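Given chain A's structure and the hints, the job is docking chain B onto it.
If you read the protein sequences in the order shown, they are chains A and B.
Under my numbering, residue 248 is the last one in the first sequence; the count climbs by one each step, no gaps.
Under my numbering, residue 567 is the last one in the second sequence; the count climbs by one each step, no gaps.
These are calculated hints, taken from the structure and not from any lab test.
These numbers were taken from a predicted model, which means no experiment stands behind them.
For every residue, glycine included, the Cβ atom is placed at its ideal position computed from N, Cα and C.
Please note that the accuracy of each hint is not assured.
Claimed, not checked - Going by beta-carbon spacing under 7 Å, a handful of chain B positions derived as facing chain A: (1) Thr212; (2) Pro226; (3) Ala420; (4) Pro517; (5) Gln524; (6) Gly527; (7) Met528.
Stated by the list, open to error - Quick look at which bits of chain B chain A covers, simulated, 3 or more residues with Cβ under 8 Å: (8) 258-264; (9) 485-498.
So the chains spell out like this:
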Amino acid sequence: MNMKSILNFLATASLAAFTTWVPAQSTPTSPGATATVRNTMAQRMQACVMCHGNEGRATNAGYFPRIAGKPEGYLFNQLKNFREGRRRNQAMNHLTQLMSDDYLRDIARYFSALDVPYPLALAHGLSAQQQQTAEQLVFKGAPERQIPACASCHGSSMAGRLPAIPGLLTLPADYLIGQLGAWRTGLRAGSAPDCMADVAKRLTHEEVGVVARWLSAQSLPTGTKPEVGSAQPLPVPCGNGNE
Amino acid sequence: MNRMNPRKLARRTGAIVLVLTLMLAALVAWLNVRGEVPLEAGGPAAPASSEVIGRGAYLARAGNCMGCHTTTGGAEFAGGRGVDTPFGIVVAPNITPDSRTGIGNWSASEFWRSLHQGRSKDGRLLYPAFPYPSFTQVSREDSDALYAFLRSVPAVERANAPHALRFPYSTQAALAVWRALYFRPGVFEPDAGQSTDWNRGKYLTQGLGHCAACHSGRNFLGGTRLNAEFAGGLMPDATWYAPSLASPNEAGVQRWSREQVVRLLKDGVSAHASVSGPMAEVVFTSTQYLTEQDLDATARYLASIPVSEKPRTEPRRADAETMLAGRKVYEQHCAACHGDRGQGVSGMYPMLAGNRAVTLESHNNLVQGIRLGGFMPTTAGNRQPFGMPPYGQVLNDNEIAAVATFIRQSWGNSASPVSPLDVLRVK
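For reference, chain A alone in the conformation it holds in the complex:
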């Protein structure tokens, strides 16, 4: 991907992040017309799965992120960020607007407990040079620019880390680019110190594109859980990561 197309990507994806989700290949679907209505959490969450995929298992195509199996703390923080306007997405801001902390916690718990298969790995289509750049950043980072390795916080298998750091693999590349772009421009924010905003600002546009495509194309075995957090401090101070 050349510089210009990455910039285009960033512009459209970050625009999408605060206006409306634009469904791409993964067309959202409605609950089946034959379903019977039950008084369950799964039934309540039918309002979410139209976009986030059946049981919250959105694929690596399109724009909607998988939410199934992400750490409860992470999902709770994000729901709160949407409710309080630190993350901007018209649909998510509206849906969370009139929810209590308790209900946001219930929703986070529900989706974090789901254990559903990850989508299959994809061909990332990166050149050998780009692949090397991506893997370098993912596993080693760029210490000379204060960029920690993705794996140093998001788990050695990048399936996330408890209590509140999300997994990154299989998320749509457009979504990842959109988020990194939103951090760079201040449209997405976490609790201070906002570690990801700092990291995103240190990456080049080109790096954002190749890392996103690399992460999106990987898969994980079914049943992979976020790593249990260790006593080891994170390489960068992080407001949301330790809640």
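Chain B only, in chain A's frame:
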């Protein structure tokens, strides 16, 4: 005949116009200050008792002060939310006790004057986006309790953003004229022929509750016969329609049991209805915190509002093609929850057959509901509400128009069809 020379005539006409203008200005000025008593001397009051502060906190809920004076995710009562009106945006100010940017230097009587007369500490006229045409009925005792409560919240230093109003609406003169036409300071007069509860309900509805601010129609100058008719109208930002409280075909509760009204305001959902849009916000930040007794009193007053139906013409029937397209969308996206005959599931998914919210003359709320989806507000009585996906993500304007039309003309429902252009026009 003695003909006046033209210069003399012009001078005399000019003098008459000048005198009339001055008289009119004097009238407008007098209408803006009549009935005002001089402010009591003295600065901010000493801290009040915890009982008074507690009562003030309750009254702040009843008046939904936070609804405007707190932004999404912002510090409580520190202001900043803009009210979008046809004349521009009015920004709610900081009402925390910060002395530089809030109301820390206000006295209790200055605070009372703002509620009762719509004037700021320095005497400036306030915009009626601050609903003082309703708050004018709030008693001095309640005003003092509110004041005491607002002095007890954390002081937040946050400078007020200026309003963004167009000329001439941005001027005090325009505001003075508006007030001369539409604002009368008033004191709540209990009706001796009615019960104490009814009077309490009327006081809450017409005063702090400022229900008329949305549920009364407005003319092109933003004027309303406030508290007189509750005839319904588009919200000032023209997104949602606040249905009439005088019409049992809109939001009138003249034929409801009081218990149903209490449940709707307390829990956000009752056996046959649920709140959505701006009213869901009102339940979330205001009415769910009111006592059942106050809500029952409110229900008693609401039920007594004289019925007044707007004449409606027989709606045009939609063509078969639109109905077929609408049915297809309905069966694919809506029927799983709302039922194949629009019957809904009690307490979870509203029925659509015979639901007055979907057959309002204005299609705004139905279009907004489909487009934005949303959850009922979480309340003590509905801790895990059900919700609807934001179909604006997947349906285009044609599909939204078709399914809205299908819903408005199926299962005995009878309301005008909705065109794609209608959908586009709903902001």
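Open item on the list: Taking 8 Å as the Cβ threshold, is the statement that the segment 485-498 of chain B is covered by chain A upheld or broken by the three-residue rule?
Closed with: holds (count 3)
Open item on the list: Holds or violated: the hint that B:Pro517 contacts chain A, with Cβ atoms closer than 7 Å.
Closed with: Holds - the Cβ of B:Pro517 comes within 7 Å of chain A, reaching about 4 Å at its closest.
Open item on the list: B:Thr212 was flagged as interface toward chain A. Is the shortest Cβ-Cβ separation under 7 Å?
Closed with: 4 Å, holds
Task: Hint validity - B:Gly527 Cβ closer than 7 Å to any chain A Cβ - done: Holds, about 4 Å.
TODO: Establish whether the coverage given for the segment 258-264 of chain B by chain A is satisfied; the threshold is a Cβ-Cβ distance below 8 Å, and no fewer than three residues must meet it.
DONE: Our answer is that it is violated, as 0 residues pass the Cβ test (under 8 Å) against chain A, missing three.
TODO: Have a go at the B:Gln524 hint: is there a Cβ in chain A nearer than 7 Å to its own Cβ?
DONE: 6 Å, holds
- [ ] Using 7 Å as the Cβ threshold, decide whether B:Pro226 counts as touching chain A.
- [x] 23 Å, violated
TODO: Have a go at the B:Ala420 hint: is there a Cβ in chain A nearer than 7 Å to its own Cβ?
DONE: 6 Å, holds
Task: Given hint B:Met528 near chain A, where the shortest CB pair must fall under 7 Å - done: 6 Å, holds
In terms of the numbered hints stated before, the structure departs from hints 2 and 8, listed from lowest to highest.
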